[in-house]
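Engineer: Residue numbers (the working numbering), protein chains in the order written: chain S, 1 to 160; chain W, 1001 to 1389.
To be clear, the hints were calculated from the coordinates, so they are not data collected in a lab.
Because the structure is a prediction, the values reported are computed rather than measured.
There may be inaccurate statements among the hints.
As the list claims (entries may be wrong) - The calculated label-pair distances, taken between Cβ atoms and stated as ranges, are:
1) S/P88 to W/G1240: 47 to 53 angstroms
2) S/V29 to W/I1259: 22 to 28 angstroms
3) W/M1089 to S/Q18: 41 to 47 angstroms
4) W/N1076 to S/N33: 53 to 59 angstroms
5) S/L50 to W/F1387: 39 to 45 angstroms
6) S/D52 to W/E1369: 36 to 42 angstroms
7) W/R1290 to S/R155: 16 to 22 angstroms
8) S/I154 to W/F1052: 36 to 42 angstroms
9) S/K11 to W/K1079: 49 to 55 angstroms
Glycine residues also receive a C-beta, built at the ideal position from the N, C-alpha and C atoms.
Each chain is listed here by its residues.
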Amino acid sequence: MREELLAIIEKNSRIDLQELAVLLGVQEVDVVNELSKLEAEGVICGYHTLIDWEKTSIEKVTALIEVKVTPQRGQGFDKIAERIYNYPEVKSVYLISGGYDLLVTLEEKTLKEISRFVSDKLSTLDSVLSTATHFILKKYKDHGTIIDKKHEDIREVITP
Amino acid sequence: MRNILSDKVQNIKPSGIRKFFDIVSEMKDAISLGVGEPDFETPWHIRDEGIFALEKGKTFYTSNAGLKELRIEISNYLKRVQNLDYDPMKEVLVTVGGSEAIDIGLRAMINPGDEVIIPQPSYVSYEPCAYLAGAKPVLLNLKAENNFRLTPKELEDAITNKTKVLILPYPNNPTGAIMEQDDLEKIAEIIIKKDIFVMSDEIYSALTYKGKHVSIANISGMKERTLLINGFSKAYAMTGWRLGYACAPKELISQMTKIHQFAIMCAPTTSQYAAIDALKNGDEDVEKMRMAYNQRRRFLMNAFKEMNLDCFEPYGAFYVFPCIKEFGMTSEEFATKFLEEEKVAVVPGTAFGVSGEGYLRISYAYSIENLKIAINRLKHFIQNLRFNA
């Protein structure tokens, strides 16, 4: 049930418990228990909403920043990652294989704020060697959901 | 002027589903639970292979029986998923959907006057195809009390000395019924004893919700008596690609190939290349879709339980087949009234044979959101009927 439950709530975290139980073919109490286990184990880390900010009047600019760093003795990349992820404007930090080390997603109101964050805060950290900032111009697909896709039933009438 | 038409063709009744959907397509805000094809698009990697085949200029006929690589993959798939052994070179034929296989399979097996047993309710093509092949269709009415499975007694009673072929349509459209190993063993005994053959239409084999599908060809002594039909439409959501296959003893496949080559030449080339990828890399997609169907199936069964609507639990395909006998209307009356008053289209059970009287086919090849709206309208409709009774 665990895998199927996660697959459902990954797409729809607002589904009510009763419906979830029906879809999974189990009792509601089993769903409640499994969810609390998943939360306790840290498998479920949060319940978020996928928002297309473009459609609101709220200004938001998102940037992906490639960061090259010097890993620190005894702590590898964890320490520097922590320095970075503690900033609330940083939305995600991933350790990446390949040409650079950390991929940082940053969300701000304006381009200026982003460049200020990079030049004042990120680049000045001791172990940061270099950064490359990429601004996101348009989101086509996010978290597995195609933005702006209208579902239309195009199946034609056919016999049999 | 003489009549341009053949008497034989004119004798065939048009399908009962058609009439109904002509009304639906005219109604603007009607929602349908009537469609018998997956609501999913073909998984992208499969479509991508089709596009790639076109880009590479693979625009020619294939061999009559189908691409060798595809037949090998079909054979591997049947071994992997159903533990069946078919020689890809001699015992597999790639067809234009499972429907072509039904047609040419019957034409290759039937002598004039042979009887073909067709358990009903079932898919609407068997009877006209048997008739066009020169057979006498013998309709066998399945019963709700047996969960619409075929029992040995029913089969034995239907067999005469003219019986040649039994059509075995499981997992079943429209009832959603399946036949399990022990059900199959019991009827296999009679099939062998009476020396008849089976055309097993297993197009929904990937969509079962109670253990893995078992083919009649898995039962000892049955492979040499079985024409197994399957395809890509339902499992991989590839209806529009028109691709299916037939597996049978080589004598039958070679005769079917003869009809196929003269009538069709070969199945569509692009689809064949895409299908190779479906079989090689599609298991996970099938499982995802099966899971989604199963959730919808549970949703509907639960909704019927809540509204006290009698329905046996179906374990296959993507249909439920609730009973509406309590309302004292025929299936067609019920479906028509439901469409008129609540603007939801379902198919009357009688479209699939007289034994479908008193039942409706509801397809769950629709999103949960869509099903919710339809179920609320059904609830409302039923409440009114009961209140006014």
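Engineer: Now, for every hint given, state plainly whether the structure supports it.
Structural biologist: How the hints compare with the structure:
no.: 1; hint: S/P88 to W/G1240: 47 to 53 angstroms; in the structure: 49 angstroms, holds
no.: 2; hint: S/V29 to W/I1259: 22 to 28 angstroms; in the structure: 58 angstroms, violated
no.: 3; hint: W/M1089 to S/Q18: 41 to 47 angstroms; in the structure: 54 angstroms, violated
no.: 4; hint: W/N1076 to S/N33: 53 to 59 angstroms; in the structure: 41 angstroms, violated
no.: 5; hint: S/L50 to W/F1387: 39 to 45 angstroms; in the structure: 43 angstroms, holds
no.: 6; hint: S/D52 to W/E1369: 36 to 42 angstroms; in the structure: 19 angstroms, violated
no.: 7; hint: W/R1290 to S/R155: 16 to 22 angstroms; in the structure: 20 angstroms, holds
no.: 8; hint: S/I154 to W/F1052: 36 to 42 angstroms; in the structure: 24 angstroms, violated
no.: 9; hint: S/K11 to W/K1079: 49 to 55 angstroms; in the structure: 34 angstroms, violated
Checked against the numbered hints given earlier, this structure breaks hints 2, 3, 4, 6, 8 and 9; the rest are met.
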